[in-house]
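Dock chain B against the given chain A, drawing on the hints supplied.
Given next are the chains, with one letter for each unit.
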Amino acid sequence: MTDLSPSGATAKNMAYPLNAWYVAGWDYEVNRKKILSRKIADRPMALYRTEEGRPVALTDACWHRLAPLSMGSLVGPDGVQCPYHGLQYNSAGRCTFMPAQKTINPSAMVNSFPVVERHRFIWVWPGDPMLADAALIPDMHQMGSDEWAGDGKTIEVRANYQLVLDNLMDLTHEEFLHSSSIGQKELSESDIEVTHDDRTVTVSRFMENIDAPPFWLKNMRDKFPDFEGKVDRWQIIEFQMPSTICIDVGVAKAGTGGLTGDRSQGVNGYVMNTISPVDQANAMYYWAFMRNYRLESQRITTELRDGVHGVFAEDEEMLTAQQQAIVENPDHEFYNLNIDAGGMWVRRLIQRAVEAERSMMASDADLSDAKG
Amino acid sequence: MSQGTQLRWQRATVLSHRAAAEEIAEIVLAGEAPLFTEPGAHIDVRVLPGRTDSESVRSYSVVEGAADGSWVKVGVRRSPTSRGGSRFMHALKPGDALEVTAPLQNFPLRVGAPRYVLLAGGVGITAIHAMARVLKRLGTDYQLIFVGRSRPAMAFLEELREEHGPRLRLSVDDEGDVLDVHELLADVDASTEFYMCGPIRLMDAVRRAWIERGLPLPNLRYETFGNSGWFDPEEFELRIRGSERNTVVSSEESILEALERVGVEPMYDCRKGECGLCVVKAQQLNGVIDHRDVFFDEEEKSSDTKLCVCVSRVASRSGAGAEACGADSSAHARPSLTLDFP
Chain A
3 MTDLSPSGAT AKNMAYPLNA WYVAGWDYEV NRKKILSRKI ADRPMALYRT
53 EEGRPVALTD ACWHRLAPLS MGSLVGPDGV QCPYHGLQYN SAGRCTFMPA
103 QKTINPSAMV NSFPVVERHR FIWVWPGDPM LADAALIPDM HQMGSDEWAG
153 DGKTIEVRAN YQLVLDNLMD LTHEEFLHSS SIGQKELSES DIEVTHDDRT
203 VTVSRFMENI DAPPFWLKNM RDKFPDFEGK VDRWQIIEFQ MPSTICIDVG
253 VAKAGTGGLT GDRSQGVNGY VMNTISPVDQ ANAMYYWAFM RNYRLESQRI
303 TTELRDGVHG VFAEDEEMLT AQQQAIVENP DHEFYNLNID AGGMWVRRLI
353 QRAVEAERSM MASDADLSDA KG
Chain B
85 MSQGTQLRWQ RATVLSHRAA AEEIAEIVLA GEAPLFTEPG AHIDVRVLPG
135 RTDSESVRSY SVVEGAADGS WVKVGVRRSP TSRGGSRFMH ALKPGDALEV
185 TAPLQNFPLR VGAPRYVLLA GGVGITAIHA MARVLKRLGT DYQLIFVGRS
235 RPAMAFLEEL REEHGPRLRL SVDDEGDVLD VHELLADVDA STEFYMCGPI
285 RLMDAVRRAW IERGLPLPNL RYETFGNSGW FDPEEFELRI RGSERNTVVS
335 SEESILEALE RVGVEPMYDC RKGECGLCVV KAQQLNGVID HRDVFFDEEE
385 KSSDTKLCVC VSRVASRSGA GAEACGADSS AHARPSLTLD FP
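If you read the sequences in order, they're chains A and B. Here the first sequence is numbered in our numbering, starting from 3 and rising by one per residue. Here the second sequence is numbered in our numbering, starting from 85 and rising by one per residue.
It should be emphasised that the hints constitute simulated quantities derived from the structure, not laboratory data. Careful: at least some of the hints might be erroneous.
If you want the ones that stay clear, here's a sample from chain A, every Cβ over 10 Å from chain B, calculated [as the list claims (entries may be wrong)]:
(1) Glu54
(2) Gly55
(3) Thr61
(4) Ala94
(5) Gly95
(6) Cys97
(7) Thr105
(8) Ser109
(9) Met111
(10) Gln237
(11) Met243
(12) Asp308
(13) Asn338
(14) Glu357
(15) Ser361
Label pairs and their in silico Cβ distance ranges [said to hold, decoys possible]:
(16) B/Gly134 - A/Gln324: 50 to 58 Å
(17) B/Glu341 - A/Leu133: 38 to 46 Å
(18) A/Gly146 - B/Gly298: 48 to 56 Å
(19) A/Asp281 - B/Asn330: 22 to 30 Å
(20) A/Ser39 - B/Gln189: 43 to 51 Å
(21) A/Ser39 - B/Arg199: 42 to 50 Å
(22) A/Lys155 - B/Arg221: 49 to 57 Å
(23) B/Gly298 - A/Gln324: 58 to 66 Å
In this text, all values refer to a predicted model and were calculated from it rather than measured experimentally. All residues carry an ideal CB built from backbone N, CA and C; glycine is no exception.
So that you can see chain A by itself, here it is in the shape it has in the complex:
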């Protein structure tokens, strides 16, 4: 891990807290058909379900010669078998079978990571299992609520996860990057308000009496087929540690109270984003668009998912190019603008979490420095 201090808050590639919940996959991706291989925070994991349906995450490397368990097969009610020499492990990571001997080496085990299934995702805790508290899983309740409908996808981003968080915390970029869908000049013209506590950061922006951009005009007409005229538009971005950002977005007929609480004359969506660091240069970006109107319409669900997918493809292209430029310009630092206030608070919270962990744990750097 690099670039943490003293200027960690402006680092181009931030480190990640390990004592945190990260999404390892969608609920349907973890099953008994195929063992899923995912790397989270530099830890390769093999994910599957027990016969009872409980999700399991084991280190994706056999204790013996590190062959990936995800290439192996499911055995027994809750175990896996290594594809290479047939060692078997149960869901706790304990070796239950060794070839060519009648006993089992008492040291033989692989790490079993704490796992929780919630909000249509499988969450894993890559750090100290004794600290894994399910109450710390970010609130994404819209994903499973009867009052919301929607769907999403996954983007494998070839960029540090922090760049994705930066991107979502500052939506000024919509004016320039997404000019054909959700961008408009009022985004840059309106003020933002930033608040935070120990685990969350909120950035709010309100735009009054503006033309609806193409994406929102279409959504308004899904709910109000004859809609014409101006709208009030809101974006309330909430970050939750370590890397989830849920964005309350929408527009309402201008002057009907959309910005002060009465959203009945508007359309409201939630852009759900949760980003898992793979390693310093890659991230898995899970997102969904949820809405609270026309819940019955699968057509709207599909159109919104595909529409947002198109918008996010523009972000992905930029994030990849940005990471590439970071690699190619190692001597250039990041500079910050006032529009970065939300993203900078996110960086500060993450930096504090990483530093707190470092003061509790030995790092490779500490040891090799001391080796002398």
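Leaving out everything else, chain B in the frame of chain A:
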């Protein structure tokens, strides 16, 4: 994990050294780099200063460590048959320097089981102590059993009693309170995880009873440093079939060390009777093989056709502990063994 290949050594200083019990020293060490530990971890120590081979290395369980890594505490029992390890450790004084590794983990405590039983025999409490503390902190259902010869020989007794109250159960030999392993396992179910560290006889008895009850073997976790057997170590003759390199294995060395001494090159790795790499065929046995490994199962051990030369020995049938094995005590003469290398 194999010793000696990937370990990073650092200098450490003795902060304090005191008796924790009869023959058990409590030694607090500060490393050059932070020594972060977790329950079940051990540190390796070079106990023959100046030597850097694996022979010079001993492992000691970490009893407790500072949250900031500034110190670790180990407990070391003085072995009557010390090959230099416990003698070195017992002779340390505050301020002395020595070479250690950062804490290494071969005996991890898994959290999340519905119930735990921890069993420590003698100095085995050093490996179990930190596990009990974590289980208490997590509010889990656990029981801690501490078996010892006599109270003065049992380390950390007072603090254990204070910390664990009724969850601690003592079993003290010289008070006539001998642990009944079957009774202990009577209310253990398939979801209970059992962690133990202690003399091989105690662990073997638990292992047999565990298998008898049909409990899942992966839930029985134990650590052995391969240093205790059924019989007291004694001298025996070692012959190598088709070779002139016969020798006498002293009570202070292992067969593996004797083989290396006479220039035979056996394969080995763990040096604690776990991996099975050092297995050699046995022939012309005069005496009994004191199988101190956990690699063979009971049937393989009783057939006496193979042994792990890193930890196993040969004992005369009159050796201490023979009764426990049902061996007769009339035999005599120096025990001997012929090894058949392929």
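Results for each hint:
At the 10 Å boundary, the C-beta of A/Glu54 stays outside the reach of chain B, the nearest C-beta of that chain being 13 Å off. Non-interface status of A/Gly55 relative to chain B is upheld: no Cβ of that chain comes within 10 Å, the nearest being about 17 Å off. At roughly 12 Å, the least C-beta separation between A/Thr61 and chain B is larger than 10 Å, which holds for a residue marked as non-interface. Not every CB of chain B lies more than 10 Å from the CB of A/Ala94, the least distance being 6 Å, so the non-interface label is violated.
Consistency note on A/Gly95: stated as away from chain B, yet its beta-carbon is not over 10 Å from all of that chain's, at 7 Å minimum. Not every beta carbon of chain B lies more than 10 Å from that of A/Cys97, the smallest distance being close to 7 Å; the non-interface claim is violated. Remark: the non-interface label on A/Thr105 conflicts with the geometry, its nearest Cβ contact in chain B lying 5 Å away (cut-off 10 Å). Chain B draws A/Ser109 into its interface by the beta-carbon criterion, the shortest separation being 5 Å against a cut-off of 10 Å.
At the 10 Å boundary, the C-beta of A/Met111 falls inside the reach of chain B, the nearest C-beta of that chain being 7 Å off. The beta carbon of A/Gln237 is kept farther than 10 Å from every beta carbon of chain B, the shortest such distance being approximately 40 Å. At roughly 22 Å from the closest C-beta of chain B, the C-beta of A/Met243 stays outside 10 Å, upholding its exclusion from the interface. Consistency note on A/Asp308: stated as away from chain B, and its beta-carbon is indeed over 10 Å from all of that chain's, at 41 Å minimum.
No beta-carbon of chain B is positioned within 10 Å of the beta-carbon of A/Asn338; the least distance is around 33 Å. No Cβ of chain B approaches the Cβ of A/Glu357 within 10 Å, the least distance being about 14 Å, so the stated non-interface status holds. With a least CB separation of 7 Å from chain B, A/Ser361 falls inside the 10 Å interface cut-off, contrary to its annotation. Checked against the hint of 50 to 58 Å, the C-beta distance between B/Gly134 and A/Gln324 comes to roughly 55 Å, which is consistent with it.
Checking the proposed 38 to 46 Å range against B/Glu341 and A/Leu133 shows it holds: the Cβ atoms sit about 43 Å from each other. The hinted window of 48 to 56 Å between A/Gly146 and B/Gly298 is violated, with their beta carbons roughly 41 Å apart. The hint said 22 to 30 Å for the Cβ distance between A/Asp281 and B/Asn330, and at roughly 57 Å that hint is violated. Checked against the hint of 43 to 51 Å, the C-beta distance between A/Ser39 and B/Gln189 comes to roughly 24 Å, which is inconsistent with it.
In this structure, A/Ser39 and B/Arg199 break the distance hint of 42 to 50 Å, their C-beta atoms being roughly 33 Å apart. Between A/Lys155 and B/Arg221 the C-beta distance comes to about 42 Å, which lies outside the given range of 49 to 57 Å. About 59 Å separates the C-beta atoms of B/Gly298 and A/Gln324, a value consistent with the hinted range of 58 to 66 Å.
In summary, the structure is inconsistent with hints 4, 5, 6, 7, 8, 9, 15, 18, 19, 20, 21, 22 from the numbered list given earlier, while agreeing with the others.
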